[in-house]
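*Asks:* This is what each chain is made of:
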Amino acid sequence: MTPQRWNQIDRIYNDALEKSEAEREAFLEEACGSDDELRREIRALLVQPTEGGKLDQPAWQAAGTLLTESFPVELKSGSKIGPYRIEGLLGAGGMGKVYRATDPRLNRPVAIKVLSTEVAEESARRRFQQEAKTASSLNHPHILTVFEAGEIGDRQYLVTEYVDAGTLRAWMQAQKPSWRQIVNLMILLQT
Amino acid sequence: MPAPEITGLLRDWGNGDREALNRLMPIVYNELRRTARNYMQRERVDHSLQATALVNEVYLRLVDITSVQWQDRAHFFAIAASMMRRILLDAARARTARKRGGGDLRITLQEDLLASESQAANQAASLIAIDDALESLSKVGPRKAEVVELRFFGGLSIEEMAAVLGISPQSVKRDWKLARAWLHKELAGAAAA
Chain H
0 MTPQRWNQID RIYNDALEKS EAEREAFLEE ACGSDDELRR EIRALLVQPT
50 EGGKLDQPAW QAAGTLLTES FPVELKSGSK IGPYRIEGLL GAGGMGKVYR
100 ATDPRLNRPV AIKVLSTEVA EESARRRFQQ EAKTASSLNH PHILTVFEAG
150 EIGDRQYLVT EYVDAGTLRA WMQAQKPSWR QIVNLMILLQ T
Chain Z
0 MPAPEITGLL RDWGNGDREA LNRLMPIVYN ELRRTARNYM QRERVDHSLQ
50 ATALVNEVYL RLVDITSVQW QDRAHFFAIA ASMMRRILLD AARARTARKR
100 GGGDLRITLQ EDLLASESQA ANQAASLIAI DDALESLSKV GPRKAEVVEL
150 RFFGGLSIEE MAAVLGISPQ SVKRDWKLAR AWLHKELAGA AAA
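First to last, the sequence lines map onto chains H and Z.
Following numbering that gives the first Met the number 0, the numbering of the first sequence begins with 0 at its first residue and continues without gaps.
Following numbering that gives the first Met the number 0, the numbering of the second sequence begins with 0 at its first residue and continues without gaps.
In isolation and in its complexed conformation, chain H is listed as follows (with noise of 0.2 angstroms):
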């Protein structure tokens, strides 16, 4: 595109976004005369959203989750949530992490779900609510015995039984299970 044509899209765009609706075709129609291609440009930039698009929040917000997961954040060993006190990372995903912690009323050792406060979005809020009334209401061997669901100020965390058996990704890589093997996992994990 050459210069001039970007400076007369420019003055007939603005121009013509200062007239009402109705108003428009016919402007257009006498500034750009008889250069077809001019007005149909003009045209599809004038039916694009003036606001509430991509561009009309900073990047840094746009992209929270992205620019989150690309600095960990962690509580650090020793801090506290609720009554628990945190001993270390078990594991996190782009959503939250889980901690090993422990329960100093009980001494017993407790995973912590954290739901990371960077998750402003009220449907994963309520997807983490969900989850954690689902899990309470289950009681089953080979499923972690909820304990707790609750919020601190605006931070949502589970706790549940800390069962130190793995991942199932490490169980992948030390066992090299077989098929059969990995399938009778799935079958136990649904009765």
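Simulated from the structure, these hints should not be mistaken for laboratory data.
There's no promise every hint is true.
Claimed, not checked - List of simulated lysine-lysine pairs, DSS-like, C-alpha gap at most 25 angstroms:
| no. | chain 1 | residue 1 | chain 2 | residue 2 |
| --- | --- | --- | --- | --- |
| 1 | Z | K172 | H | K53 |
| 2 | Z | K172 | H | K18 |
| 3 | H | K18 | Z | K176 |
| 4 | Z | K176 | H | K53 |
| 5 | H | K18 | Z | K138 |
| 6 | Z | K176 | H | K79 |
| 7 | H | K132 | H | K96 |
Note that the coordinates shown come from a computational prediction; the quantities given were computed from them, not determined experimentally.
Following the hints, put chain Z in place on chain H, whose structure we already have.
*Replies:* Chain Z only, in chain H's frame:
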């Protein structure tokens, strides 16, 4: 590096010394990253966060404001916006590269983790698309691309951009409107293609 020295570099760059810019960039990049990280830890990445707070905080920390001139501030914000762009794009590209590597076979029974995984992946893809479109815009309308960089990556207000670019707020508004419409059109075209 002490604040008076950084202020001096800003001035040198303003006077056309490219080497000063090369020395400033990593300092601003690192300080922005560190500050962004602090924001995450203080849990302030939400809508109550003032748009320019992040960049301003870095500015106040790095620059000796007792001796700073108006132009120095403008130059600083321009660097900060382009470094913020680089930080975010680096994160987006790193994530995309990781996924493409495909070595990470992930088995998770937790849907929420998958949901936020895809959220971050979407944000990465979206940022890369915006960056590409902005690159094209800078070829046809360089000043409009600058406005977008200052606003979208630097979080500057209309008035601050006017000061940085040395044009009227009215002109900034016009530039911004056209740039935004043009980018939206490009992005829609790229998504459809």
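*Asks:* Hint by hint, say whether it matches the structure.
*Replies:* How the hints compare with the structure:
1. Z:K172 - H:K53: holds, 17 angstroms
2. Z:K172 - H:K18: Cα-Cα ~16 angstroms, so holds.
3. H:K18 - Z:K176: holds, 15 angstroms
4. Z:K176 - H:K53: holds, 13 angstroms
5. H:K18 - Z:K138: The given pair, whose Cα atoms are some 29 angstroms apart, is violated under the 25 angstroms limit.
6. Z:K176 - H:K79: violated, 48 angstroms
7. H:K132 - H:K96: The given pair, whose Cα atoms are some 19 angstroms apart, holds under the 25 angstroms limit.
In summary, the structure is inconsistent with hints 5 and 6 from the numbered list given earlier, while agreeing with the others.
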